[in-house]
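Below are the chains, spelled out letter by letter.
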Amino acid sequence: MAEDHGTLTDRLDAIYEFDREPVTDEHLQGPGDFIGFYSGEHVAGTEFVIGPLFVAHGVSAGDLLLGLLLGNLLAVLSWAFICAPIAVRTRLNLYWKLRKIAGPQLLFIYNIVNALMFCFLAGAMISVAATAVGIPFNIAMPGLSDLYPNTVGWVVTVLVVGSAVTLLAILGFRQIARFSKVAAPWMFLVFVACGVAVLPQLNVSSLDDLWAVANQKIWTGAPFESRAHFSFWHIMFFAWFTNMAMHIGMADLTILRYAKKWQYGFFSAFGMYLGHYVAWIASGILVALAIQNSGEIAPGPIAYMGAGIAGLAAVVIAGWTTANPTIYRAGLAMQTITPNWKRWKVTLAVGAVTTVAAMFPALMMHLLDFVALYGLILMPMGAVIFVDFWLFPRLGLRQDYADWKDIAFSLPAAASWGLTLAACWAIHAVWGLEIFFLGLPGWFIATAIYIALCYAQQRGPSAGKVEQHVGDNA
Amino acid sequence: MTYLLKIGSFVGLGLTVVPAFLVFAGLLTWDTHAALMGVGAVLWFVTAPFWMVKEDATQSPAER
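Going line by line, the protein sequences match chains G and U. Counting from 1, position 364 in the first sequence corresponds to residue 364 in the numbering used here; the numbering is continuous, with no gaps. Counting from 1, position 56 in the second sequence corresponds to residue 56 in the numbering used here; the numbering is continuous, with no gaps.
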């Protein structure tokens with residue numbers, strides 16, 4: 001056991017070799033870098049899916065505009081007041097901070113879960129790109145109600161796109177990351193242009209018509225068959241928690257540790273209001289036209305309706321450039337399992353899993369549920385970091401306890417994670433609370449459990465015996 | 001040279017978004033808008049990488 005722990009610790013340390021130390025002052029970045037990062041990160045191919053899904057769930061125009069306005073504001077505040085202050089004070093990335101709190105063995109498990117989530121997310125992005133690639137070949141796209149791969153043409157298209165994306169990620173992640181930075185401003189304008197150019201086809205000839213048409217033809221308040229109705233609260237909570245893993249879940253410690261000031265967390269507003277407001281509205285307008293014309297409701301076809309070939313290119317580029325860093329991050333997390341593998345092998349394995357996942361339209365057509373689940377699963381560890389950083393000094397408890405006691409697997413952190421998810425499931429099963437709302441009670445549950453268990457661990461009668469101690473294994 | 005590249009890039013962005021508003025105003029057909037967007041995309045991607053990447057001497061947060 002001692003040997004396992006040593007090996008695991010060595011694996012993690014080898015992967016994050018250059019990330020163990022806090023970021024130094026000379027490496028801090030200015031506002032422009034963060035504005036660019038957040039704008040690019042949140043104007044992605046998946047925005048072509050999320051906007052249409054809101055239409056499918058029958059949200060009304062007023063609920064959508066107000067829900068997105070407030071939900072995105074809450075997301076920005078979560079970045080600014082929850083994630084950024086810890087990031088600039090510790091200057092450590094998520095993994096290294098979590099390692100200090102939870103121990104390397106629990107971090108290992110967290111990495112596996114994280115990697116799988118990233119694979120599925122990248123799979124959705126590849127599905128999005130495939131819907132555009134298939135159009136010139138006249139391949140039938142999956143519909144909103146499709147869950148499984150239903151045509152050979154779709155499977156082959158996803159296979160080709162997934163292979164290409166994986167190959168390019170292997171050949172040059174950094175070059176593609178630079179390319180995605182170049183593509184970001186153009187992609188945002190493509191969303192705007194798509195939405196505006198099709199308005200006349202929806203009989204909007206002036207701004208006065210827009211509100212009436214928005215209510216009657218786009219966000220009508222009537223859900224599609226087999227889709228649940230979305231209210232203002234669904235939209236607000238979805239917008240807030242779309243990136244829950246990043247802000248409340250603390251994944252963006254890794255990004256914001258380079259910020260000169262914690263206030264840089266507010267720059268997330270560029271991503272939220274360009275990508276998660278304007279782009280979602282624009283793609284909703286496109287899908288309304290597709291419905292009116294009885295056309296296919298998939299990202300590629302609707303983008304083509306808005307902008308022709310440029311729209312198809314935007315879908316492919318958006319899907320590709322956002323799948324690329326996601327595959328890279330998944331690979332980084334997976335390397336803890338395969339420490340002796342070269343990076344290209346890990347990327348290949350991750351790409352294969354991602355491509356298989358992409359073949360299932362369910363991932364794309366139920367993206368809202370998946371995004372909510374993804375955030376919920378990773379959120380409790382963010383709550384653990386929040387409590388450890390802000391509340392433990394006030395409660396007289398020691399911060400970074402696993403690091404201090406050389407604990408391999410923090411039971412309080414693991415139990416907070418597992419019990420919080422179990423409690424969220426119970427709330428869902430017993431009271432029927434939908435997944436979009438579970439993040440809020442879940443965060444308080446995780447916080448309460450972690451405080452109680454750490455108090456027992458550090459102050460209780462059995463203090464020092466609760467955890468699996470490295471020394472016991474030796 | 002960089003100056004010319006930047007002008008080309010911004011013309012590309014203009015061709016991407018301005019025609020859509022002209023379609024909305026009834027001054028341009030959808031087909032022309034789609035063609036101009038294609039031209040704008042080409043113009044942006046053949047000019048912007050040279051000055052955007054050049055100015056980015058340090059890594060951006062996205063690359064970490």
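One should not assume that every hint holds.
To be verified - Restraint ranges, calculated between C-beta atoms of paired labels, are given here:
| hint | chain 1 | residue 1 | chain 2 | residue 2 | range |
| --- | --- | --- | --- | --- | --- |
| 1 | G | Q263 | U | L27 | 38 to 48 Å |
| 2 | G | G432 | U | I7 | 55 to 65 Å |
| 3 | U | V53 | G | W390 | 32 to 42 Å |
| 4 | U | L27 | G | D25 | 38 to 48 Å |
| 5 | G | T220 | U | V53 | 29 to 39 Å |
| 6 | G | S226 | U | M1 | 55 to 65 Å |
| 7 | G | Y148 | U | V42 | 32 to 42 Å |
| 8 | U | T2 | G | A228 | 47 to 57 Å |
| 9 | U | V42 | G | Q292 | 29 to 39 Å |
These aren't lab readings, by the way, just hints derived from the structure by calculation. Cβ atoms here follow ideal geometry from the backbone N, Cα and C, with glycine treated the same way.
Okay, the hints, checked on the actual structure:
{"no.": "1", "hint": "G:Q263 with U:L27: 38 to 48 Å", "in the structure": "holds (43 Å)"}
{"no.": "2", "hint": "G:G432 with U:I7: 55 to 65 Å", "in the structure": "holds (58 Å)"}
{"no.": "3", "hint": "U:V53 with G:W390: 32 to 42 Å", "in the structure": "holds (40 Å)"}
{"no.": "4", "hint": "U:L27 with G:D25: 38 to 48 Å", "in the structure": "violated (53 Å)"}
{"no.": "5", "hint": "G:T220 with U:V53: 29 to 39 Å", "in the structure": "violated (45 Å)"}
{"no.": "6", "hint": "G:S226 with U:M1: 55 to 65 Å", "in the structure": "holds (57 Å)"}
{"no.": "7", "hint": "G:Y148 with U:V42: 32 to 42 Å", "in the structure": "holds (38 Å)"}
{"no.": "8", "hint": "U:T2 with G:A228: 47 to 57 Å", "in the structure": "holds (52 Å)"}
{"no.": "9", "hint": "U:V42 with G:Q292: 29 to 39 Å", "in the structure": "holds (31 Å)"}
Against the hints set out earlier in the document, violations occur for numbers 4 and 5.
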